[in-house]
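Undergrad: If you read the protein sequences in the order shown, they are chains A and B. According to our numbering, the first sequence is numbered sequentially starting from 1. According to our numbering, the second sequence is numbered sequentially starting from 412.
Honestly, the hints are just simulated from the structure, not real lab data. As the structure is a computational prediction, the values presented were derived from the model and not from experiment. For every residue, glycine included, the Cβ atom is placed at its ideal position computed from N, Cα and C. Keep in mind that a hint or two might mislead.
[Claimed, not checked] One side only, chain A facing chain B, incomplete, derived with CB under 7 Å: (1) V197; (2) P206; (3) S210.
[Claimed, not checked] Below, a list of computed lysine-lysine pairs in the DSS-like style, where the Cα atoms sit at most 27 Å apart: (4) A:K208 <-> A:K2; (5) B:K485 <-> A:K71; (6) B:K505 <-> A:K71; (7) A:K381 <-> B:K446; (8) B:K446 <-> A:K364; (9) A:K27 <-> A:K208; (10) B:K485 <-> A:K180.
Chain residues, written in single-letter form:
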Amino acid sequence: MKADVAIVGAGPAGLAAAIAAKENGAKRVVVIERESHLGGILNQCIHNGFGLHVFGEELTGPEYAARFEDKAAALDITCLTQTMVLDISPSRVLTVVGPQTGFCTIEAGAIVLAMGCRERSAGALMLPGGRPAGVLTAGTAQRFVNIDGYMPGKEVVILGSGDIGLIMARRMTLEGAHVKMVLELMPFSGGLKRNIVQCLDDYNIPLKLSYTVTRIHGAKRVEGVSIAAVDNKGVPIKDTEEYVACDTLLLSVGLIPENELSRGMDIKIDPVTGGPEVDSHMQTSIKGVFACGNAVQVHDLVDFVTEEATRAGAAAARYLFEEDKAIAYCPTKAGTGIRYVVPQRLRLDGDKKTLFFRVTNVFKNCVTVARCGDKVIARKKRLVCTPGEMESLCIADEDIQGDVIVSVEEA
Amino acid sequence: METRNLTCIVCPLGCEMTAQMDGRKVVSISGNTCKRGENYARAELTDPRRTLTTTMRVKGGGRVSVKSKDTLPKGKLFECMTVINAWEVQPPVKIGDVLIKDIMGLGVDIVATSRINGV
């Protein structure tokens with residue numbers, strides 16, 4: 001099989017990339033999706049708050065996904081569902097297996113990687129104790145409740161205050177469970193303020209900051225957890241340890257970009273984001289291979305995924321018609337108070353560019369600054385910056401004269 | 412006079428606000444940095460409302476996701492959940508289909524947010 005643009009994943013990133021590729025002139029656009037339906041994780045995110053930036057209205061996850069599914073169908077984009085990409089070669093040949101295709105290869109003019117991310121699981125935390133039933137990630141619990149209609153437990157403790165954990169605290173409560181508490185290792189929550197208020201405060205669920213689970217109790221089923229406060233290095237303080245009875249422990253302890261395929265084709269991965277290094281066209285270290293969405297960096301809002309994927313899809317289509325000419329690049333770097341910057345490389349092609357980055361801590365009354373040498377090329381005043389909310393700066397191409405360093409400073 | 416603490420959700424700053432209440436009347440609000448914070452606090456203290464999102468059982472198996480078409484009084488959410496959980500819907504379902512009209516006489520419909528194909 002041949003494709004102009006092949007897209008791996010039909011979540012919000014994959015669908016937006018496919019639509020943009022088609023709208024920018026790619027004729028045969030093929031989306032390959034492992035699940036039986038399109039829309040990815042949005043289908044289980046039944047809460048609202050999606051689409052404020054893209055559509056100017058508040059939608060639920062399934063409604064947001066449906067808009068892109070309908071558009072993809074109208075544009076005659078081929079979607080291969082229940083189809084797994086097994087391997088991608090650096091020369092852009094995908095090996096796939098699925099009910100419509102059987103075992104086959106797809107030769108693609110350009111590829112967009114949109115695999116999304118996975119949740120950090122219990123095994124990654126090295127929690128002492130057995131492996132009883134009742135320990136699951138918040139996303140798994142969300143699938144059980146919202147898609148399958150099963151309640152995974154009655155007395156619940158949640159470790160980690162990421163947004164999915166907060167959303168599930170409310171969801172489990174509404175369905176009759178008793179959510180006893182949410183524990184967060186850090187002194188601040190990684191979740192959106194709105195979720196802390198509307199998912200925890202609304203239901204009087206305590207959020208214990210600088211707290212962690214030190215042991216899981218129970219043989220066949222979780223019977224309880226030991227919890228303790230942690231010091232400023234994250235080490236549990238022994239005399240604060242206490243026992244909390246529960247039958248379920250939900251984990252919301254971080255998301256990891258899914259890049260098994262990218263690694264298989266030796267794409268350069270940023271050790272901080274866990275996603276491919278990309279340029280300002282979302283092109284990876286391999287020519288003609290683009291990446292977007294949570295596979296590149298974990299986003300807080302799906303609207304930003306859509307925006308990023310639209311750029312990736314458009315760039316993939318343009319790549320098909322572009323002559324192969326040398327382009328100069330300048331790298332971006334994370335300076336003081338910045339964890340990472342995406343894109344990692346800027347194409348000096350005359351276009352305006354946006355830098356996306358996260359801060360390392362909570363900063364109040366600060367400025368975010370982009371510099372080239374001593375010259376300030378962008379600057380934004382911020383009342384508050386938190387690691388949970390992605391920041392951005394716009395820069396002009398003609399200002400880029402070397403490494404671009406982003407930092408956060410006192411106002 | 413009663414004192415109420417609340418966190419503003421209008422922007423990421425998340426101002427911690429304090430309000431003085433005389434029964435159901437808001438006497439004063441402090442701690443906010445802007446006018447939008449005060450408006451949020453007034454609405455939240457006098458008539459807190461939320462959009463309810465949940466799922467409904469589908470005849471023949473599975474669930475369909477639903478939402479309240481408009482916001483519901485916060486104090487009525489659990490009762491609305493009981494009503495929705497006692498309901499069952501016959502497929503096919505389209506996005507936006509009204510599944511429960513005027514739930515509990517609150518003037519708000521429960522509508523589908525996902526589609527279920529007929530069998």
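Undergrad: Run every hint past the structure and note whether it holds.
TA: Hints, verified against the model:
no.	hint	result
1	V197	holds (5 Å)
2	P206	violated (14 Å)
3	S210	violated (18 Å)
4	A:K208 <-> A:K2	violated (54 Å)
5	B:K485 <-> A:K71	violated (36 Å)
6	B:K505 <-> A:K71	holds (16 Å)
7	A:K381 <-> B:K446	holds (20 Å)
8	B:K446 <-> A:K364	holds (20 Å)
9	A:K27 <-> A:K208	violated (53 Å)
10	B:K485 <-> A:K180	holds (20 Å)
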